[in-house]
Amino acid sequence: MSSDVLELPTRELATVSSVPVDVSAEFPERILLARLRRKEPAAFEQLVKTHKDRVFDFCVRMVSDREEAFDLTQEIFVSIHLHLDKFRQDSKLSTWIFRIAKNHCLNRLKYLKRRGRGRSDDYAEANELAINDSVGAPTGPDALLEASRERAWVHRAIAELDEDQRMLVALRDIEGLSYEEIVEITELPEGTVKSRLHRAREKLVGILERLENQTGHRGE
Amino acid sequence: MRTELSKAEVERLFLAAADDALAERDSVRLRAGLDEDAELKGRFDKYQNAIALLKKAPRETAPAALSSVILRRVRRRRWGRNAQHTLVMDYRVPVEVIVPILLGVMVAAFLFFAAP
Chain U
1 MSSDVLELPT RELATVSSVP VDVSAEFPER ILLARLRRKE PAAFEQLVKT HKDRVFDFCV
61 RMVSDREEAF DLTQEIFVSI HLHLDKFRQD SKLSTWIFRI AKNHCLNRLK YLKRRGRGRS
121 DDYAEANELA INDSVGAPTG PDALLEASRE RAWVHRAIAE LDEDQRMLVA LRDIEGLSYE
181 EIVEITELPE GTVKSRLHRA REKLVGILER LENQTGHRGE
Chain E
1 MRTELSKAEV ERLFLAAADD ALAERDSVRL RAGLDEDAEL KGRFDKYQNA IALLKKAPRE
61 TAPAALSSVI LRRVRRRRWG RNAQHTLVMD YRVPVEVIVP ILLGVMVAAF LFFAAP
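Going down the list, the protein sequences come from chains U and E. Number 107 in the numbering used here belongs to position 107 of the first sequence; there are no gaps in the numbering. Number 16 in the numbering used here belongs to position 16 of the second sequence; there are no gaps in the numbering.
A hint or two may mislead.
[Unchecked claim] Think about it this way: if two alpha-carbon atoms lie no more than 27 Å apart in a straight line, the pair counts; the simulated BS3-like pairs of lysine-lysine are:
#1 K55/E x K49/U
#2 K39/U x K110/U
#3 K52/U x K39/U
#4 K46/E x K203/U
#5 K86/U x K113/U
#6 K52/U x K55/E
#7 K92/U x K55/E
#8 K41/E x K203/U
#9 K55/E x K203/U
#10 K56/E x K52/U
#11 K203/U x K7/E
#12 K203/U x K56/E
#13 K49/U x K46/E
#14 K52/U x K86/U
#15 K92/U x K56/E
#16 K41/E x K7/E
It is worth saying that the hints were derived from the structure and are not from the lab. Treat the numbers as computed from the prediction; the structure is a model and nothing was measured.
Whenever a hint applies, use it, and build me the whole structure from the sequences.
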């Protein structure tokens with residue numbers, strides 16, 4: 001495990017391990033939690049509305065399939081509803097939600113692998129089209145083409161990463177979470193998170209370069 | 001103090017630089033390292049571009065029906081749990097009724113098989 005840890009001379013290494021909580025964000029979260037503990041249906045509805053897009057986006061990145069992600073997101077929220085009493089409030093609610101989402105995604109990927117439904121190129125491409133259709137289209141034909149191509153590249157490149165790398169890239173570079181939050185979600189040491197993320201990013205560079213060369217469009 | 005870094009050491013600074021979390025001293029060393037090596041500079045630019053591409057990638061939005069499907073499933077689960085609980089209450093037969101019936105059945109069976 002020690003070889004996995006990259007020593008990084010950054011300011012961030014000096015930060016404490018607990019997640020710094022924004023007081024302004026914490027207050028409404030506490031109110032929501034209190035309401036959830038009182039089993040108010042409106043509170044759970046609010047929780048779903050607040051977090052569904054982020055959870056769904058994370059699931060799509062992890063499983064590369066909108067239908068699977070749709071199904072997974074439902075299961076994640078049902079699980080959240082079931083285990084809400086177990087939330088100890090030692091981290092942010094969103095961090096706890098992402099930890100549940102991560103566990104569900106990894107279990108689903110294992111299940112899909114066991115059933116022989118791997119992430120084949122055809123499968124990934126079919127979903128790529130569905131994903132391209134689902135997100136907002138920019139105006140103008142050139143912008144549309146370029147944005148569509150970049151979106152497809154990003155989707156394809158993430159899909160080619162290992163599960164752990166994909167998870168780290170999704171949490172850090174797409175969700176924009178802090179390292180402290182990622183450490184809590186993944187339950188990995190900060191050094192390991194950083195070294196794996198660095199390797200994931202380097203692999204992404206290679207994949208994007210290859211895709212660029214295949215299409216030969218970038219920069220024209 | 002050594003100011004020049006090896007190629008591997010400069011590469012190790014990429015992550016922190018891309019996260020905008022480099023200390024001033026490391027920032028200077030990174031810039032010096034990149035200025036000296038064009039290939040390394042090219043790699044760093046690609047590294048940063050890849051992250052920029054990820055950050056600007058459009059987010060997936062959940063289908064409109066997702067909230068209602070989740071809330072329906074949660075309601076059904078809650079109702080199902082309550083319904084199961086009350087079902088036991090509704091169909092529970094008191095012991096005072098079951099014991100005399102069982103005794104009657106046993107006596108009837110004994111008389112039936114004991115009869116000549």
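Tell me, in ascending order, the numbers of any earlier hints that this structure violates. 2, 5, 13
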